[in-house]
Amino acid sequence: MAISQLEFNQLNRVLDEHTGIRLNASKADIMASRLSSRLRANACATHNQYYQLIISPVGKKELDIFIDKMTTHETYFFREQVQFEFLYDYFRGKQSRRVPIKAWSAASSTGEEAYSIAMVLDDLFYGRNWSVTGTDISPTAVEMAKEACFAMSTSQKIPKKYRRAYCLKGIDQNEGTFTVNKAIKSHCTFYVDNLLRLKKVDYSFDIIFLRNVLIYFDEIKQKAIIDNIVHRLNHGGLLFLGHSESLRKKRQGLELIQPCIYKKVRL
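106 is the number that this note's numbering gives to position 106 of the sequence shown; each next residue is one higher, with no gaps.
Hints were generated in silico from the structure; no laboratory data involved.
Using N, Cα and C, we set each Cβ at its ideal position, and we do this for glycine too.
Treat each hint with caution, since some may be false.
Said to hold, decoys possible - Keeping only pairs whose Cα atoms sit at most 20 Å apart, straight-line, the calculated DMTMM-like set for lysine to aspartate or glutamate is:
hint: 1; residue 1: K169; residue 2: D193
hint: 2; residue 1: K263; residue 2: D89
hint: 3; residue 1: K94; residue 2: E74
hint: 4; residue 1: K27; residue 2: E17
hint: 5; residue 1: K221; residue 2: E17
hint: 6; residue 1: K182; residue 2: E147
hint: 7; residue 1: K160; residue 2: D193
hint: 8; residue 1: K60; residue 2: E143
hint: 9; residue 1: K199; residue 2: E143
hint: 10; residue 1: K69; residue 2: D123
hint: 11; residue 1: K61; residue 2: D193
hint: 12; residue 1: K182; residue 2: D123
hint: 13; residue 1: K264; residue 2: E147
hint: 14; residue 1: K160; residue 2: D218
hint: 15; residue 1: K157; residue 2: D227
hint: 16; residue 1: K27; residue 2: E74
hint: 17; residue 1: K94; residue 2: D123
hint: 18; residue 1: K60; residue 2: E17
hint: 19; residue 1: K200; residue 2: D218
hint: 20; residue 1: K263; residue 2: D218
hint: 21; residue 1: K60; residue 2: D193
hint: 22; residue 1: K69; residue 2: D29
hint: 23; residue 1: K27; residue 2: D218
hint: 24; residue 1: K102; residue 2: E74
As the list claims (entries may be wrong) - Pairwise CB distance ranges, derived in the manner of DEER restraints:
hint: 25; residue 1: A183; residue 2: D218; range: 38 to 48 Å
hint: 26; residue 1: T46; residue 2: G176; range: 15 to 25 Å
hint: 27; residue 1: S131; residue 2: R92; range: 11 to 21 Å
hint: 28; residue 1: M152; residue 2: L6; range: 19 to 29 Å
hint: 29; residue 1: Q52; residue 2: I220; range: 23 to 33 Å
hint: 30; residue 1: R40; residue 2: R128; range: 44 to 54 Å
hint: 31; residue 1: G93; residue 2: R266; range: 37 to 47 Å
hint: 32; residue 1: L6; residue 2: I220; range: 23 to 33 Å
hint: 33; residue 1: I220; residue 2: P139; range: 20 to 30 Å
hint: 34; residue 1: K223; residue 2: I30; range: 25 to 35 Å
hint: 35; residue 1: N42; residue 2: G236; range: 23 to 33 Å
hint: 36; residue 1: D123; residue 2: A2; range: 45 to 55 Å
hint: 37; residue 1: R40; residue 2: G176; range: 19 to 29 Å
hint: 38; residue 1: G236; residue 2: Q52; range: 30 to 40 Å
With the hints as constraints, model all of the structure from the sequences given.
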């Protein structure tokens with residue numbers, strides 16, 4: 001179903017209000033395509049009717065689905081594996097350091113990144129106090145992360161020693177899927193949160209992954225997100241960005257130690 005410029009602007013404004021993401025006009029057809037099934041599911045003849053639904057009090061659940069449809073959830077286990085190798089090597093020589101170790105997957109999507117971090121930390125600090133927090137703007141993605149049920153085909157990205165140690169193959173109705181074991185799950189917590197207006201994450205971390213997120217925001221919002229992130233990074237802590245991203249301007253207090261990997265230093 002075609003979407004008018006007015007309807008695109010209306011829905012884009014809702015997306016901006018709730019996520020900080022604003023699509024450019026060239027994305028109108030993509031919006032229409034992603035929402036086509038939702039219009040049918042809600043018997044909406046036009047995008048304007050759908051807009052009226054998601055801004056109404058009875059449309060709260062559909063608003064969550066709209067956010068999920070319009071935000072990108074492309075992720076997989078050990079994405080950009082070289083960063084996980086760096087994480088392991090960096091902390092392997094610091095196992096005598098003070099615990100707990102706290103990590104944050106700041107755009108955790110359906111959980112693959114957070115659980116990848118968790119496997120590395122358990123390998124490093126088995127039996128010690130460590131934790132991983134995952135946050136995402138999408139309630140649907142967060143619920144999937146908590147459930148931790150993944151297609152078996154995605155396990156091939158996980159290093160073999162971690163597949164053997166931490167992954168459980170589904171049986172019966174769960175055949176063709178796998179999950180992570182209870183020990184890993186027990187260290188991981190997931191929340192719905194907005195990187196521009198953080199409410200749940202009010203403590204600091206030793207490790208923060210903020211990957212493939214900044215590219216969806218304008219420069220002003222990027223700065224606001226980075227401010228929120230760096231405020232919650234401990235001195236000596238590591239910030240990981242995606243390989244398609246970088247800090248546009250040198251920022252005081254952050255030292256680049258590897259491509260797209262920063263360390264927080266005292267001024």
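Each hint tested on the structure:
no.: 1; hint: K169 x D193; result: violated (31 Å)
no.: 2; hint: K263 x D89; result: holds (15 Å)
no.: 3; hint: K94 x E74; result: violated (32 Å)
no.: 4; hint: K27 x E17; result: holds (18 Å)
no.: 5; hint: K221 x E17; result: holds (12 Å)
no.: 6; hint: K182 x E147; result: holds (11 Å)
no.: 7; hint: K160 x D193; result: violated (33 Å)
no.: 8; hint: K60 x E143; result: holds (16 Å)
no.: 9; hint: K199 x E143; result: holds (18 Å)
no.: 10; hint: K69 x D123; result: violated (35 Å)
no.: 11; hint: K61 x D193; result: holds (16 Å)
no.: 12; hint: K182 x D123; result: holds (15 Å)
no.: 13; hint: K264 x E147; result: violated (33 Å)
no.: 14; hint: K160 x D218; result: violated (39 Å)
no.: 15; hint: K157 x D227; result: violated (32 Å)
no.: 16; hint: K27 x E74; result: holds (17 Å)
no.: 17; hint: K94 x D123; result: holds (13 Å)
no.: 18; hint: K60 x E17; result: holds (14 Å)
no.: 19; hint: K200 x D218; result: violated (24 Å)
no.: 20; hint: K263 x D218; result: violated (24 Å)
no.: 21; hint: K60 x D193; result: holds (16 Å)
no.: 22; hint: K69 x D29; result: holds (14 Å)
no.: 23; hint: K27 x D218; result: holds (16 Å)
no.: 24; hint: K102 x E74; result: violated (24 Å)
no.: 25; hint: A183 x D218: 38 to 48 Å; result: holds (41 Å)
no.: 26; hint: T46 x G176: 15 to 25 Å; result: violated (39 Å)
no.: 27; hint: S131 x R92: 11 to 21 Å; result: holds (19 Å)
no.: 28; hint: M152 x L6: 19 to 29 Å; result: violated (45 Å)
no.: 29; hint: Q52 x I220: 23 to 33 Å; result: holds (30 Å)
no.: 30; hint: R40 x R128: 44 to 54 Å; result: holds (51 Å)
no.: 31; hint: G93 x R266: 37 to 47 Å; result: violated (21 Å)
no.: 32; hint: L6 x I220: 23 to 33 Å; result: holds (26 Å)
no.: 33; hint: I220 x P139: 20 to 30 Å; result: holds (26 Å)
no.: 34; hint: K223 x I30: 25 to 35 Å; result: holds (26 Å)
no.: 35; hint: N42 x G236: 23 to 33 Å; result: violated (50 Å)
no.: 36; hint: D123 x A2: 45 to 55 Å; result: holds (52 Å)
no.: 37; hint: R40 x G176: 19 to 29 Å; result: holds (28 Å)
no.: 38; hint: G236 x Q52: 30 to 40 Å; result: violated (51 Å)
When the structure is compared with the earlier hints, violations turn up for hints 1, 3, 7, 10, 13, 14, 15, 19, 20, 24, 26, 28, 31, 35, 38 and for no others.
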